[in-house]
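Given next are the chains, with one letter for each unit.
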Amino acid sequence: MPETDDELMQRFQKGDADAFNCIVRRHQKPLINFIARFTGDRDNAEDLAQDTFIRIFKAANRYKPGRAQFKTWMYFIARNLCKNEIRNRGRRDRYRVDNVITNAQTSNGNEDQIDLIATAPADASFQPEVAIERKELRRATQNAIAELPEKYRFPLILRDIQGFSYEEISKILELPNGTTKSRINRARLMLKDKLKPFMELL
Amino acid sequence: MNCLQTKGYFSAHLEDTLDNQTLKQFESHIAECASCQKEYDRFQASVKATQQLPEIEPSPDFVPLLWQRISDERTKIIPLWQRLSDLFNIPKWAIGGVLILVLACAGTLFYYDDIFNTEPQPDNRINLTDNISTEKNINTTSDQIRSNIIDQFFPQSFPRNIGGSDMFDTNSNQPMQQQYILKRVSYTTPTLAGGL
Ligand SMILES: [Zn+2]
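These protein sequences, in sequence, are chains A and B. First residue of the first sequence? That's 1 in my numbering, and the numbers climb one at a time after it. First residue of the second sequence? That's 203 in my numbering, and the numbers climb one at a time after it.
In isolation and in its complexed conformation, chain B is listed as follows (with noise of 0.2 Å):
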């Protein structure tokens, strides 16, 4: 074993790694090379100074901070195709491609939502009071798939109150989706009617 091949060794002899033929080779050359042994010994003397550099304790604002910033970053506006590669890490392109996808099936259960819906439509001009509430419960299949989706491209461990004391509440556990209130458009909208 010569000089370089024993410098190889310095980090697998030093963690105790070398089969016993090996170790045998660089034990012999480091008793009978002396520039390699000093070369050994400041190896083992700069691994044990980096080892031994203190520990950096974090600020106690920290935690609050990050809720903080969390909380920001659940109102700030980001654009979708930005939130999905910054997700999935992958590139913007392909982003584009998939939401061309999902806005098309998207559309097309729509479209079916409306031409099988036997409820009978709302009249406008009559039933004022009773479709003022533009917030609705989910109760039929096609609203079920869609919130299936909206469940896929947002994380449901979003959870509504972040920021706020309930945060560190430990006895609330209750599923996050089931704190989200999908907003549905109504068909008949409270200016329209107020009009009439």
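The following block holds chain A by itself, in its conformation from the complex (with noise of 0.2 Å):
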């Protein structure tokens, strides 16, 4: 059975590192969907990642092991570091969202927002039509998700896309469990709008 992550962050307590490395490996992924799909730059995804990891590695001898889950807790840090980058970038962040759709009807969009769509899994039954329509749902899945607002974003992102439970969010996002709820269902209100153009392609 492998080690928890209290188990692995005890370890990491006592000194030896190679937990720590565990835990990295263990969740270097989600993490780094998470932020990709909440910054909407996979590039600038793996830096803050990494910064969500030197936070732990700094402030490991403080975590008490089973007060709060693990997950729970880098959630929070990586959901802080995101919103100190989006604050950080200002303008040129709120430009930018602005011109994502405009950049993906063009099919010429910037590189970062084609590597978020393009990795998609591999299909028996090819069909290049079906899989085009495909990829311009998944763009405009991931450019929709991009422009809702940061606090329907953040929920959004971990329900539906890192399969978090309310009260998993509630704890990370600092909000009651009705809160969460109902800015889970808004921001799904919101996708579903956003969606409308392509939904007969569904």
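Mixed in with the good hints there might be a few duds.
Computed list of lysine to aspartate or glutamate pairs in DMTMM-like fashion (alpha-carbon distance at most 20 Å, straight line) [stated by the list, open to error]: (1) A:Lys29 with B:Glu217; (2) B:Lys250 with B:Glu217; (3) B:Lys250 with A:Glu136; (4) A:Lys196 with B:Glu259; (5) A:Lys71 with B:Glu257; (6) A:Lys58 with B:Asp274.
To be clear, the hints were calculated from the coordinates, so they are not data collected in a lab.
Could you fit the two chains together into a complex? Lean on the hints.
Following this line, the structure appears as structure tokens:
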């Protein structure tokens, strides 16, 4: 049976760096996905994920196993770093988000956007038209998520991409359970409206 | 149940968390309202589209680069208040206050250490060679207290050999604090001794 995050953190607290390496290898992929979906930027997502792990590394001896779930703590840190990143980007980012849809429709979007949708799983019954439509839908979905206001984007990604429970999301976002639920429903309704033009593809 | 209320229950219905009474009201509205029916279909489709977004694979150098960055961070000189502010996520002014308090305590410790130290002080004119070494293992009580303070503020989880090949040595189970050797200022400095 694999070691739990708490067991690994306890080993790391005793000085076993290999345990921290295990933590990183276990969580790198979901964390990068979370950040990339939130910021809409794949390359920067790896930097921010590393920042998150560095924060964990530095604060490891303050981690109390059993008190909070490791994952909740990790995403809490990542979420704060994402917020800082967005704040620091300022106007430049807002301009970029405004242009995401335009770029997507001219199929000449920036590299990061392409990267985020291009890693589709291989399909045995390959049909070019269907593949293009799916790619379009993925691109539109990613862009629609990136356009959501932060307070709706965070819970939506945590729920529908990361698969967290409402309780876990409430802890990460420091929100009452009811607020989390209504924000996720609101986020999905907004996404549905944004994806309306693509719904015929489904 | 009206259309607006129905939309408010889309997620709850999709995730099957509605109570029996609400469920009946929801389904009877959906059955007779073509608009809500269509909206709910689109809602489900867009949730599915989000859930089916392809996963991003981390680049192969993600982990090595992370260790490199941790290693760089170790050698970077970060002001103590910045370090504490980052670590405890508290404002810098609060750190300032705590820092003054800690320094006062540490100062007091050093002061008493000198007063109550009954060991004869080394004579730098006669005993030169015995005091050249500047590194000394922890053995006195006050040293222990000081090291405890240091341990509190500098995570013991910082291995000395970050980035080195020992990093991934699974056989190394030695607690990290044992790898620290506290630098202790000698009463006799080698340069002064050499001059005499
Ligand atoms: Zn209706």
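How the hints compare with the structure:
Of the supplied pair hints, the one linking lysine 29 of chain A and glutamate 217 of chain B is violated, its CA atoms being roughly 26 Å apart against a limit of 20 Å. A threshold of 20 Å between alpha carbons decides the hint, and for lysine 250 of chain B with glutamate 217 of chain B the separation of about 12 Å falls inside it, so the pair holds. Taking the CA atoms of lysine 250 of chain B and glutamate 136 of chain A, the gap is about 15 Å. The hint holds against a cut of 20 Å. With a CA separation close to 29 Å, the supplied pair lysine 196 of chain A and glutamate 259 of chain B exceeds the 20 Å bound.
Annotation: proposed proximity of lysine 71 of chain A to glutamate 257 of chain B holds, straight-line Cα distance about 18 Å (limit 20 Å). A hinted pair counts as satisfied when its Cα atoms are at most 20 Å apart, and lysine 58 of chain A with aspartate 274 of chain B qualifies at roughly 13 Å.
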